[in-house]
Amino acid sequence: MSNKYNKKGSKTTTKKEKVIAEKKSVTKTRSVLHFSYLQFLPLCFALFVFMIIWFKPYNVHLKDPWYEGAVLIDSARKLSDPNQRNVLLNEAGKILTEQVHKHPYHARVHYLYGFYWYDRQNWDSTIFHQKEAIRLGAGGTVNQVEYNAQEILNTALGNKVTAMLNSGNLKGAADAVEYAKTPEMFNPGIDKYKGIIYSRQGYSDSALFYFLRYKSANPNDANNLANIAISYNQKNMRDSAIVYINEALKLDPTNANANYLNSQLKSQ
Amino acid sequence: MKDFWNKIPIEYFFLVIGLFFGMKLVFINPPWQTNDEDRHFYNSWYYANGYFKPDSREEGIGNPLPTKMYDQVAGFQGIRFNEKTKISKQKIEELKGVTYEKTDTFFYSNPNYNTNPIGYIPNIIGIKLGEAYKKNPIIVQWWSRAFGLFAYLLIVFFAIRITPVYKNVLMLIALAPMSLYQSASVTYDTLCNATTFLIIAFVIKWLLQKEKVSSREIILFCLAVTIQVFSKAAYYFIPFLFLIIPSEKFSFSYSKIKLSILIVAILMLPTFTWNAYINSFHFKGATPLQNDFLFDPSKNLAFHLKNIPGMISDLFSNVLVQGKNWIIGCIGRFGYSYTPLPDGWIFMYVIALFGMASIDHNGNIKLTRMQRGISALLLLASLAAIITGLYLTITPVGARFIFGGQGRYFIPILPLLLFQLFGTIPNYAKKYLPLITILISILFLYKTVGFIDETFYSGN
Chain B
1 MSNKYNKKGS KTTTKKEKVI AEKKSVTKTR SVLHFSYLQF LPLCFALFVF MIIWFKPYNV
61 HLKDPWYEGA VLIDSARKLS DPNQRNVLLN EAGKILTEQV HKHPYHARVH YLYGFYWYDR
121 QNWDSTIFHQ KEAIRLGAGG TVNQVEYNAQ EILNTALGNK VTAMLNSGNL KGAADAVEYA
181 KTPEMFNPGI DKYKGIIYSR QGYSDSALFY FLRYKSANPN DANNLANIAI SYNQKNMRDS
241 AIVYINEALK LDPTNANANY LNSQLKSQ
Chain D
1 MKDFWNKIPI EYFFLVIGLF FGMKLVFINP PWQTNDEDRH FYNSWYYANG YFKPDSREEG
61 IGNPLPTKMY DQVAGFQGIR FNEKTKISKQ KIEELKGVTY EKTDTFFYSN PNYNTNPIGY
121 IPNIIGIKLG EAYKKNPIIV QWWSRAFGLF AYLLIVFFAI RITPVYKNVL MLIALAPMSL
181 YQSASVTYDT LCNATTFLII AFVIKWLLQK EKVSSREIIL FCLAVTIQVF SKAAYYFIPF
241 LFLIIPSEKF SFSYSKIKLS ILIVAILMLP TFTWNAYINS FHFKGATPLQ NDFLFDPSKN
301 LAFHLKNIPG MISDLFSNVL VQGKNWIIGC IGRFGYSYTP LPDGWIFMYV IALFGMASID
361 HNGNIKLTRM QRGISALLLL ASLAAIITGL YLTITPVGAR FIFGGQGRYF IPILPLLLFQ
421 LFGTIPNYAK KYLPLITILI SILFLYKTVG FIDETFYSGN
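Just so you know, the sequences run in chain order B and D. Here this note's numbering is used: the first sequence runs in plain steps of one and ends on residue 268. Here this note's numbering is used: the second sequence runs in plain steps of one and ends on residue 460.
If we strip away everything but chain B, and leave its shape as in the complex, we get:
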């Protein structure tokens, strides 16, 4: 028994020795892989750069100058005080004038500059720069500028032509419409103004041709439908005129031209 115990005891001692030996060897290995703060420097540097970029503890101003001009125009539009508005628009104009001279090849810059002139109610400059924007920028697949440019061009043209028509300057209006044409794009808006000018000049056939062509692109323009009715009336085609008056009034019951012609036809 005692032998057994002794044996067991000796076995236990051997195991203990082994464990100590293993522990020692582990300690030995670890002492080789000692840490130094220098080893952490690359990681700390990487994390530092990452944190700087991530949390942005700085105020870096980076905007393309033409967009600075656009922001000023946008801010000016939100102001009700005309003086303050003027100050901002002046600043925007200064920036965009410089940018257009510096980068005459950028359609977007012409578009923004045209936008500036639109707010200044300078229709000639608006039309000129939106035409440039369309000439340079039409045909892209993404970030298209030409459709917005055409919209502003047409509004500016409308304002210019309406003033001329009201003052009886039909030739001036016709020239303005001719000038606003853009060969790069189909512009139904031009047809509408051509129709009005022909109508005023008494060429009802030509007027009708342009109004109807405009209608195929913009079927829900009540003013144009009223103009078609006026042209039919000029051609003594009363039934057709009534059809278009009804269509116009259905879309816009308060349309002045349609209501006026309607009352005229009813009184006949």
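Hints listed in this document are in silico derivations from the structure and should not be mistaken for laboratory results. Quantities reported herein were computed from a predicted structural model and do not represent experimental measurements. Incorrect hints may appear among the rest.
To be verified - Keeping only pairs whose Cα atoms sit at most 27 angstroms apart, straight-line, the calculated DSSO-like set for lysine-lysine is:
1) Lys299/D / Lys131/B
2) Lys324/D / Lys63/B
3) Lys131/B / Lys284/D
4) Lys68/D / Lys53/D
5) Lys56/B / Lys324/D
6) Lys299/D / Lys63/B
7) Lys53/D / Lys63/B
8) Lys306/D / Lys102/B
Unchecked claim - Take a look, some chain D residues computed to stay more than 12 angstroms from chain B by CB distance:
9) Val16
10) Phe20
11) Pro270
12) Thr388
What the hints assert, rightly or not - Label pairs and their calculated CB-CB ranges:
13) Asp119/B / Leu301/D: 34 to 40 angstroms
14) Pro183/B / Phe283/D: 19 to 25 angstroms
15) Leu377/D / Phe48/B: 19 to 25 angstroms
16) His101/B / Tyr133/D: 56 to 62 angstroms
17) Gln201/B / Glu94/D: 40 to 46 angstroms
Every residue gets a Cβ at the ideal spot worked out from N, C-alpha and C, and that includes glycine.
Following the hints, put chain D in place on chain B, whose structure we already have.
Relative to chain B, chain D alone:
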């Protein structure tokens, strides 16, 4: 079962996790929602159907495209993905019933007509097989995506397998939400990213191996560089990482000079092959992708050279202003709507990458200052080339703000960036690294799949 993650090589875990979540992304990512995926799909379809020569017509430069296919692809563009506008899974089910005819086509003016087919090879195979199954645009696109994913997983599997260390870092990069999302899409980024990882893996293998580099390995390395440069000619400096390998490891004299010349020749291959082929047609009147600004690298360079300090300041300012977006885009930003994973998740992934890159080594090799210097120089050159390239090529002439720079462009540079931390911190817990890598990958990809489902689809 104990330490099972150490008994099975980590590349098998990569394959299983990548395949599981990658296939989920193939189907959960709405049709043609990965950036530029519509255009890559058209190109792949053209090559799959033998249109290797673009045609010049009055409408532009391109080739015929099935009308029904175009209509379906176009129907998925321009979705803003806010609370009100999402895609309905039911609509996708309905659209799966539509088949296109190759006889009912229209002439598509292709703004990317000059892109070579090499980067699309897996996608082309997918389209061919998909069309044999059913000529439905969505189904064909899924086949194309799946084959892109298979190619990616196979190449990266090989990359992780051959590298003796850095396996966990490569796996974390390759299974980062954005990397896997790109690989499960129709794009040449799939092959570009995968081959870049393979190039880095070869260099690390050569660095650590005791025997000489075999000719077979050099051929494979050159093949990887060739595929990479044809897929996306933008990462010219990365293959030169081989310069950190001691010359004695090569079995021929003037090894580094000879290999450098060979790599330069490979990098110029697209210019003298595909680009020369396209240029030989002297096409004029192509539809520009974007026309609201003038994009002209030589004019842009001439403009900025007038004010060099201003240019340098702009480049640094762009890093400071756009850097965070680039990091987010590199880890996880999805779709044309550029919807990013929540900031916290991106932040944690970057920390995990940095941490893993510092400790994923076996301590057998200590890089010399020269080796560290070369790799740092290549990293800086790669970053500078990408950022300056974006500044001069896809940014309007004279603009300060880099336009269209996306974080995914930095994915191929990520292994090189993390390599700067290689072997810096001693590691006592090597055996746990695979487990940590596996858990991180599963957690982040699980989140990604759920996030994409929630972001792009209505609750149906």
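Subject >> Pairwise hint evaluation, Lys102/B against Lys306/D, where the allowed Cα distance is 27 angstroms at most >> reply: 13 angstroms, holds
Original post:
Once the closest CB in chain B is found, is it more than 12 angstroms from Thr388/D?
Top reply: 16 angstroms, holds
Subject >> Consistency of the no-contact label for Pro270/D, given chain B and a CB cut of 12 angstroms >> reply: 23 angstroms, holds
Subject >> 27 angstroms Cα cutoff - pair Lys68/D, Lys53/D >> reply: 23 angstroms, holds
Original post:
Does Lys63/B lie within 27 angstroms of Lys324/D when you go C-alpha to C-alpha?
Top reply: 17 angstroms, holds
Original post:
Between Lys56/B and Lys324/D, is the straight-line Cα distance small enough, at 27 angstroms or below?
Top reply: 8 angstroms, holds
Original post:
Is the hinted pair Lys131/B and Lys284/D satisfied, with a Cα-Cα distance of at most 27 angstroms?
Top reply: Answer holds: Lys131/B to Lys284/D is near 24 angstroms, not above 27 angstroms.
**OP:** Compare the distance between the alpha carbons of Lys53/D and Lys63/B with 27 angstroms, and conclude whether the hinted pair is satisfied.
**Re:** Given pair Lys53/D, Lys63/B is violated - Cα atoms ~41 angstroms apart, limit 27 angstroms.
**OP:** Could you check the hint for me, namely that Asp119/B and Leu301/D are 34 to 40 angstroms apart, CB to CB?
**Re:** Hint holds: Cβ distance 35 angstroms, inside 34 to 40 angstroms.
Subject >> Status of the given 19 to 25 angstroms range, CB of Phe48/B versus CB of Leu377/D >> reply: 21 angstroms, holds
Subject >> Assessment of proposed distance window 56 to 62 angstroms (beta carbons of His101/B, Tyr133/D) >> reply: 59 angstroms, holds
**OP:** For the pair supplied as a hint, Lys299/D and Lys63/B, confirm whether the alpha-carbon distance does not exceed 27 angstroms.
**Re:** 20 angstroms, holds
Checked against the numbered hints above, the structure violates hints 7, 17; every other hint is satisfied.
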